[in-house]
Amino acid sequence: MSGRLTAENFHLWYGENHALKGISLTVPEREVFALIGPSGCGKSTFLRSLNRMTDLVEGVKRKGRILLDGQDIYLPGIDVTRLRKRVGMVFQKPSPFPMSIYDNVAYGPRIHGVKARSQLDGLVEASLRAAALWGEVSDRLKKPALGLSGGQQQRLCIARALAVQPEVLLMDEPTSALDPLSTGKIEELILSLRSRYTVVIVTHNLGQAVKVSDQAAFFLDGTLVEWGPAPELFGMPKDRRTEDYITGRRSLDG
Amino acid sequence: MVKNILRSRGNLSRAERSRKFWDSFMYWCFSLCGLSAIAAVCGIAAYMVLAGTPAINEIGLFHFLLGSRWEPTAPQPAFGVLPMILTSVAGTALSVLASVLVGTLTAVFLEELAPNRLRQAAQATAALMAGLPSVVYGLVGATLLVPLVGKAENALFRGSSSHIFTGGANLLSASILLTVMILPTAIQVGGISLRAVPRELREASLALGADRTETAFKVLIPAARPGIVTGAVLGTGRAMGEAMAVMMVSGNAVNFPLPFHSVRFLTTGIVTEMGYSSGLHRKALFSIGLALFVWILATDLILEALVQREGGGQSA
Ligand SMILES: Nc1ncnc2c1ncn2[C@@H]1O[C@H](COP(=O)(O)OP(=O)(O)OP(=O)(O)O)[C@@H](O)[C@H]1O
Ligand SMILES: [Mg+2]
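So the sequence lines, in the order shown, correspond to chains A and B.
The opening position of the first sequence corresponds to residue 1 in my numbering, with each subsequent residue numbered one higher.
The opening position of the second sequence corresponds to residue 1001 in my numbering, with each subsequent residue numbered one higher.
Just chain A, same shape as in the assembly:
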C-alpha cells in the first residue's frame, strides 16, 4: 500500500457528453502530480474519478480502468467507503462542517470507528500540525470552525482529510478561493506533504504547478495531450498545444 495510481484508457461520459476520452497515465507514489488545462477540459472529472466521486452524478458511464496499487477501484466488490478513506479529497471552496474545529477533524476518524478519546486527540493534533494550523487553533479547538478565516478553513479541510490517514490526497483548485498569503502557506504545505502522501492537484495557476509539482499532465477537451516530469513539461513541452497553453496563447480556451 503506497498510493500509486494508474489510469488505463479511461473514458467517462456525462449522459451524451464524452468528458474523458481514453486517459492513460501513472501517478507515482509520494509525488505531487499537477493536472492543468483550460476550463472544461475534464480535470475535475478525472480527479473525481480517482475516488469515485463521479458515482454521485446521475447518468455517468465509464470505460477503462483506474488502479490503486494495482487494484481496479471500479471492480464490483470494491468498498467505496474504504476507497475514499485511502484516497482523500480537498475541494475548491473551503467547506468546514458547522461544528467545532476539533469535531471537524475528528469527523472522519469517528466515521471509521475510532472512539477512544486519547486516540482522537492524538489524530486531531497530528493532522492539524501536518496542515500547519495547530499553532493558530490549539487554544480554540472547541470553537466553531466557521469562525476561521478562509485560508485557515482550507487548511482545516486539509487536516480533516489527513485525519483518516489516507495514502492519496486529491486537491481540486485548493487555493483559487484564497488570498496570496494563504495560497503561499498552502503551497508550502503541499510541498511538505509530499514525503508522506501522493498528491494530485488541479490548478489553473501555472506558477503554482511549477512550484509544487514533480509530475504534470496537460488536458485538452477530454484528452490527455501529454504528461511527464514537471520541469520537462513546463520547460520543453513536446506538443505544440501544450506549449501554446503554457506560453499563454490562450486561443485554446474558447
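Certain hints may be false.
What the hints assert, rightly or not - Derived list of chain B stretches under chain A, where covered just means 3 residues or more per stretch with a C-beta under 8 Å from a C-beta of chain A: (1) 1208-1215; (2) 1237-1245.
As the list claims (entries may be wrong) - Simulated pairs of lysine-lysine, DSBU-like, Cα-Cα distance not exceeding 35 Å: (3) Lys1020/B / Lys115/A; (4) Lys142/A / Lys185/A; (5) Lys21/A / Lys238/A; (6) Lys93/A / Lys115/A; (7) Lys211/A / Lys93/A; (8) Lys1218/B / Lys185/A; (9) Lys211/A / Lys63/A; (10) Lys142/A / Lys1218/B; (11) Lys93/A / Lys185/A; (12) Lys185/A / Lys143/A; (13) Lys115/A / Lys61/A; (14) Lys93/A / Lys63/A; (15) Lys1218/B / Lys143/A; (16) Lys61/A / Lys238/A; (17) Lys93/A / Lys21/A; (18) Lys1283/B / Lys61/A; (19) Lys93/A / Lys61/A; (20) Lys1218/B / Lys93/A.
What the hints contain is simulated information worked out from the structure, not anything from laboratory work.
Ideal Cβ placement from N, Cα and C applies to all residues, glycine included.
Fit chain B with the ligands to the supplied structure of chain A, relying on the hints for placement.
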C-alpha cells in the same frame, strides 16, 4: 457625426430620467405595501386589546387565566380558560414536535436516499396535502381516526368506572390530526432546507468515507437546522390557529388535556359559542381571542429569536 453624438446624449438622459422616475415610483409602491401591512397588524392588535380587555377587567386576570371552570351560562357563571390554554399548548406542542420529527426524517429519506421517481411523487403529494382545506381533514378525522382511537380507548379502559369515555373524540385524536395536517409543510420545508445545504458539505462528508445516512444525520441535518426551526414556526402557527378540523375530533368539552379526555382548544372555544353568546360571555370570547393573539405573538417571537441565534451561529 457630432449631431449623432448629441442626439444620443439627449436620448440617454431622457432614458435616465425615466429610469429615475420608475425607481422612485417603485420605491414608494414598496414602501406603501410595507406600511399598510404594518398598519394592518397594528390595527388588529389594537382592536384585540380594546375588545378583549373589558371582560378580563370584569372577571379579573387571575380568575380568567388560571380559573379551571368555564361555565359561562351557569347561574353563577365562571370564566376560567386555563383548561383551554393548556389544551392548546399541549395539542400544539405534541403535534409540532411529532410532525417536525417525522417530517425531517421523511425529507432526509426523500432527498438523500429515495429514487427520483418516488421523491417526485411524494413531493407532489405533500404539496397537494398542504393545500387541502382543513374541513377535509376534519371529515376524514371524524370518520376514520375517531372510531379507531375510540377502539383503542375501549380496550385500554375496559371495566374502568372512573373514566369518562369519549368515543375517540379526544386530545389524542386532535393531536394526531394536527400532526397529519402540519406534516406536509414540515416535509416540504425540511426538503427545501436540506437542498439549501451547500453541495460541498455533502461531498466533503462522502469524500471522507461517510455513507449517505451518516452524512445526512451528522452533517446535513445540523446544517439545515435553521430551516427546520423555521418549519416548526410555520407549523406552530397552523396548529394554534386551527379550529375547524380540531373541533370535529376533539370532543369539544372543557377539560384538562390528557390523551383520552375530550378537550376544547382556545380557537374552538371561540367558534363554538360565538353564535349564541351575549353580554359578558360574548366579551369573554374576545378575551380568549386576545389570549390566543398574545400567545401566538410570544411563540413567534421566541422561535424567531431561536432562528436568529441559529443563523448567527451559522455565519459567524
Ligand atoms: N456533474 C456534471 N454533470 C454533467 N456534466 C458535467 C458535470 N461535471 C462536469 N461536466 C462536464 O464535463 C466536462 C468537463 O468538466 P470538468 O468540470 O471536469 O472540467 P474542468 O477541467 O475541471 O474545468 P474547470 O477548470 O472549469 O474546473 C465539461 O463539459 C462539463 O460541462
Ligand atoms: Mg474543475
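Does Lys142/A pair with Lys185/A here, judged by a C-alpha cut-off of 35 Å? 24 Å, holds
Sort out whether Lys143/A lies within 35 Å of Lys185/A, counting only the CA atoms. 22 Å, holds
When you check the alpha-carbon spacing of Lys1218/B and Lys185/A, does it fall within 35 Å? 30 Å, holds
Sort out whether Lys143/A lies within 35 Å of Lys1218/B, counting only the CA atoms. Since the Cα atoms of Lys1218/B and Lys143/A sit roughly 18 Å apart, the hinted pair holds (cutoff 35 Å).
Assess, step by step, whether the Cα of Lys93/A is no farther than 35 Å from the Cα of Lys61/A, and give holds or violated. 27 Å, holds
Under the criterion that the straight-line Cα-Cα distance not exceed 35 Å, is the pair Lys211/A, Lys63/A satisfied? 33 Å, holds
Take the stretch 1208-1215 of chain B, compare each residue's beta carbon with every beta carbon of chain A, and decide whether three or more fall closer than 8 Å. Result for this restraint: holds, n = 5.
Does Lys93/A pair with Lys185/A here, judged by a C-alpha cut-off of 35 Å? 16 Å, holds
With the threshold set at 35 Å, check whether the alpha-carbon distance from Lys1020/B to Lys115/A stays at or below it. Judged against 35 Å, a Cα distance of about 64 Å means the pair is violated.
Starting from Lys1218/B, check that the Cα of Lys93/A is at most 35 Å away, please. 20 Å, holds
Given pair status - Lys21/A, Lys93/A, alpha carbons within 35 Å: 27 Å, holds
Pairwise hint evaluation, Lys61/A against Lys115/A, where the allowed Cα distance is 35 Å at most: 38 Å, violated
Of the hints listed earlier, those the structure fails to meet are numbers 2, 3, 13 and 18, in rising order.
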